[in-house]
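**Student:** One-letter residues, chain by chain:
There are 2 protein chains.
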Amino acid sequence: MLDPGGIDHDLIARLRLIRTPGVGPVTYRQLLARFSTPEAALAAIPDLAHRGGGPPPRVADAATINREVQRVEAMGARYLFAGRGLYPSLLDAIDGAPAALIVKGNLALLERRSVAIVGARNASAAAVRFARQLASELSRANIVIVSGLARGIDTAAHQGSLDGGTLAVVAGGIDIFYPPENERLQCEIAERGLLIAEQPPGTEPRARHFPYRNRIIAGLGLGTVVVEAAPKSGSLISARYATEFGREVMAVPGSPLDPRAQGCNLLIREGATLIQSADDILEAIGPIGGGLVAQPLRSYGAERPSADASDSDRAAVTTLLGPVPVPVDEIIRQSGLSPAIVQTVLLELELAGRLDRHAGGRVSFI
Amino acid sequence: MLDPGGIDHDLIARLRLIRTPGVGPVTYRQLLARFSTPEAALAAIPDLAHRGGGPPPRVADAATINREVQRVEAMGARYLFAGRGLYPSLLDAIDGAPAALIVKGNLALLERRSVAIVGARNASAAAVRFARQLASELSRANIVIVSGLARGIDTAAHQGSLDGGTLAVVAGGIDIFYPPENERLQCEIAERGLLIAEQPPGTEPRARHFPYRNRIIAGLGLGTVVVEAAPKSGSLISARYATEFGREVMAVPGSPLDPRAQGCNLLIREGATLIQSADDILEAIGPIGGGLVAQPLRSYGAERPSADASDSDRAAVTTLLGPVPVPVDEIIRQSGLSPAIVQTVLLELELAGRLDRHAGGRVSFI
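Those protein sequences? They're chains A and B, same order as listed.
Position in the first sequence (from 1) plus 762 gives the number in the working numbering.
Position in the second sequence (from 1) plus 762 gives the number in the working numbering.
For reference, chain A alone in the conformation it holds in the complex (with noise of 0.2 Å):
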C-alpha cells in the first residue's frame, strides 16, 4: 500500500518488526496471527513486553528501514516474505523459515525443482570438477541447484548451473561480495540466476551468519548432495539440517584415507543415499509431482497465541522454564495451560529479552 509520497507503510512496518530484536521468524508469525497487521504487532509490542517482565525491545526505527528499502530498491532487489506472494513454498514448511529474504535476479528459478550441492571450501580438483559436472547435468534434467557461494564446492556448483538455473544464497547482505574472488559469479548470478540474502544490504558476513545460511540452502533443495567435506564440517550441518527438514540427503563417497572424504562417508553410514551420477540424485528425489516432501514435525512454536494470559498463568509457565531448553509441548503438557496461553506468556517473555528459542520447538531462558 503507497501513500502519496511513494511510501509503503505495510511494507515498512513489516522489516521494522522483523528488525527489532528479539522477534525471531516464530515470533513474527505469531505477532502478525494475533494482531493481523504488523502496524498493530508493533503497537502492542511495549505492552507485551512489559508483561513479559522486561524492558520493551528497541524497536527497528522507520528510518532505517526506509533506507534500508531503497538501497534494496536501488539495487533491483526485492524482498520475499514468509506466507506471502513468491516466498518459496518449500522454504516456507520449516520451522523458523527466515520472515524476509531479499532476493536478485531471476524469480522464476523458484518454481521449479531444486536441489542443493555444498561441500568442502578446500575440495580437491577431482571433487570440485565431479560437482560441476553434477550440477550441469541436473540442469539439463530441469533441476535449479542452490548452494552458498563459499569457494571450491558452492563455486563449482553454481558454475555447472549459471546456464540451467543457479540459486545462491549468501551470508551477508547481496551488496557484499563474499568470497572476493567471487565478485565476478555472484554478480551473473543476480542477473541469469537467484541470489538471495537474509540479512540486509551491507551486512558483512559474520560466523553466527553461516548457520542461518546453510538452513536457507537446505530448507530451499528437495534434497542436499554433499560432495567432500570433513568430519565437523559446516556441509554436515546443511546435512543435517536437509534431515531436520524431512528433505533427501546425499553424499558423495570417498576413501577413507582422504580426510575430505570422511564427512561424506559418516553421513552415508548414518543413512544418507550414496551417490555416483547425477542419475542417482533424480532417482533419490524421485519423479516430478511423485509424493511430497515430507513434513518436518511442526512444533508448538506456530501455534496461534490468541489468548490473553493471566498473572497465575505466566507464573506457572516461568516457573517451568530454566537455562537449559525444553520443549514448548513439554512445557504445555506440566502446565496444564492451553496452547494458546503458554504462546503468549513465551511470546511476552521474548518481547521483554528473557526466552531463547532453539531448534526443533524448544525454548530456554535467557
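Simulated from the structure, these hints should not be mistaken for laboratory data.
In silico DMTMM-like cross-links for lysine to aspartate or glutamate, where the CA-CA straight-line distance does not exceed 25 Å:
{"hint": "1", "chain 1": "A", "residue 1": "K994", "chain 2": "B", "residue 2": "E1045"}
{"hint": "2", "chain 1": "B", "residue 1": "K994", "chain 2": "B", "residue 2": "D1020"}
{"hint": "3", "chain 1": "B", "residue 1": "K994", "chain 2": "A", "residue 2": "E1045"}
{"hint": "4", "chain 1": "A", "residue 1": "K994", "chain 2": "B", "residue 2": "D1042"}
{"hint": "5", "chain 1": "A", "residue 1": "K994", "chain 2": "A", "residue 2": "E1006"}
{"hint": "6", "chain 1": "B", "residue 1": "K994", "chain 2": "A", "residue 2": "D1041"}
{"hint": "7", "chain 1": "B", "residue 1": "K994", "chain 2": "B", "residue 2": "E1006"}
{"hint": "8", "chain 1": "A", "residue 1": "K994", "chain 2": "A", "residue 2": "D1020"}
{"hint": "9", "chain 1": "B", "residue 1": "K994", "chain 2": "A", "residue 2": "D1042"}
{"hint": "10", "chain 1": "A", "residue 1": "K994", "chain 2": "A", "residue 2": "E1032"}
{"hint": "11", "chain 1": "A", "residue 1": "K994", "chain 2": "B", "residue 2": "D1041"}
{"hint": "12", "chain 1": "B", "residue 1": "K994", "chain 2": "B", "residue 2": "E1032"}
{"hint": "13", "chain 1": "A", "residue 1": "K994", "chain 2": "A", "residue 2": "D857"}
Chain A is fixed; fit chain B onto it per the hints.
**Tutor:** Leaving out everything else, chain B in the frame of chain A:
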C-alpha cells in the same frame, strides 16, 4: 576305523562318494541320511541311477582315493567333513556347503570369530595398505581373517593377519601355488594360519573353481568386507554370497571417479555397511556371542529322502522339470507329493546324470 593294513575304510568310502560325478553336497547329505553309512550309499548308487533313467555314474575308484588320502596325509594336511567334527559350523550352515575340505595348519583358528576381507587383484597402493591395516587391527581384536590368496587385496589381508590368525581358501589343491608369487605366503599360512581347499591335491585352479572358493570364503565369515572392487568383479560375487547366507556385507567406499571403487559404492547403495575403520567392522558384526548369525532360508534340498518312489511319482516329478531351474518346493507343491518322495526322485535323476542343482534350492533337467 582302521583295518590291520592301516586303511580307514569309512574315510575312503566317504571320499569315493564325494568325488563321484553327480554327487554334490546336497546329494551327499541325502545319501548319508538315507543309507546311514558311506559304504551302503555307494552300494545303492547303481540302482538309484537306474531308477532315475540313466547309466550309473562312474563312482570314484578306491585306488585313486587311496592315493589322494596318502598324499593329503604326507603333506601333513587332513580332511574335514560337513556335519562332523571340526568342520566350521558357520560354513556348515550354508546351503551346499562343501562335503569335504582339505586343511593344513592351525585348526584352532576355526574356533574363533572370523571376517572375510576380499577385493580387487589390481587394487591401488592405498587400498592394499588399508586392507592390510584393517586385517591387522581386526587380528588384534581377536578376529580371524578369511581371504582367497589372490593378488592385491587378498594378499594384503593375509599379510596383515598372519600373526593374529588367517584362513586362506584356495581354488585349486592346497599344494598348488597360485598365484606363483604367493608361494612363500601360502607356505607360511599352511604353518601359522590355516590353508583350506575343496579340490583334491594336485588340482590346478580353473575358472569354474573360483565361485566355489568365493562361496567358502563368504560362508566362513560372520561378514565379508570388500575393499576396492570394480562392478561385476569376483569380489562382488563373494558379497552376494554373504548376503545369500544372511551374513554382514561391508564395503570400503571410494571416489565415484575411481572405477575400482564403483563396485563397493554400488554395494553400499544396495545396503552394505560403509566401512571406514576396523571399529566399523567390529560394530557391524556385533559383540561376541551377541546374537546368532541369521540363518539363510533352508531349501527343501536338505530334507531327508527316506521313501521309495513309484513310477507314477517319477513321472509326476519329471513332467514338472525342464531346462529352466525351478525351486524344489515348487515341484513339491505342484506335484502334491511328499517332500521325501520328491527328494528321492530328484536324487535318482541326479545320480543318473539328468539333473542339475542350482543356488537357492532350484533344480533343472540337464
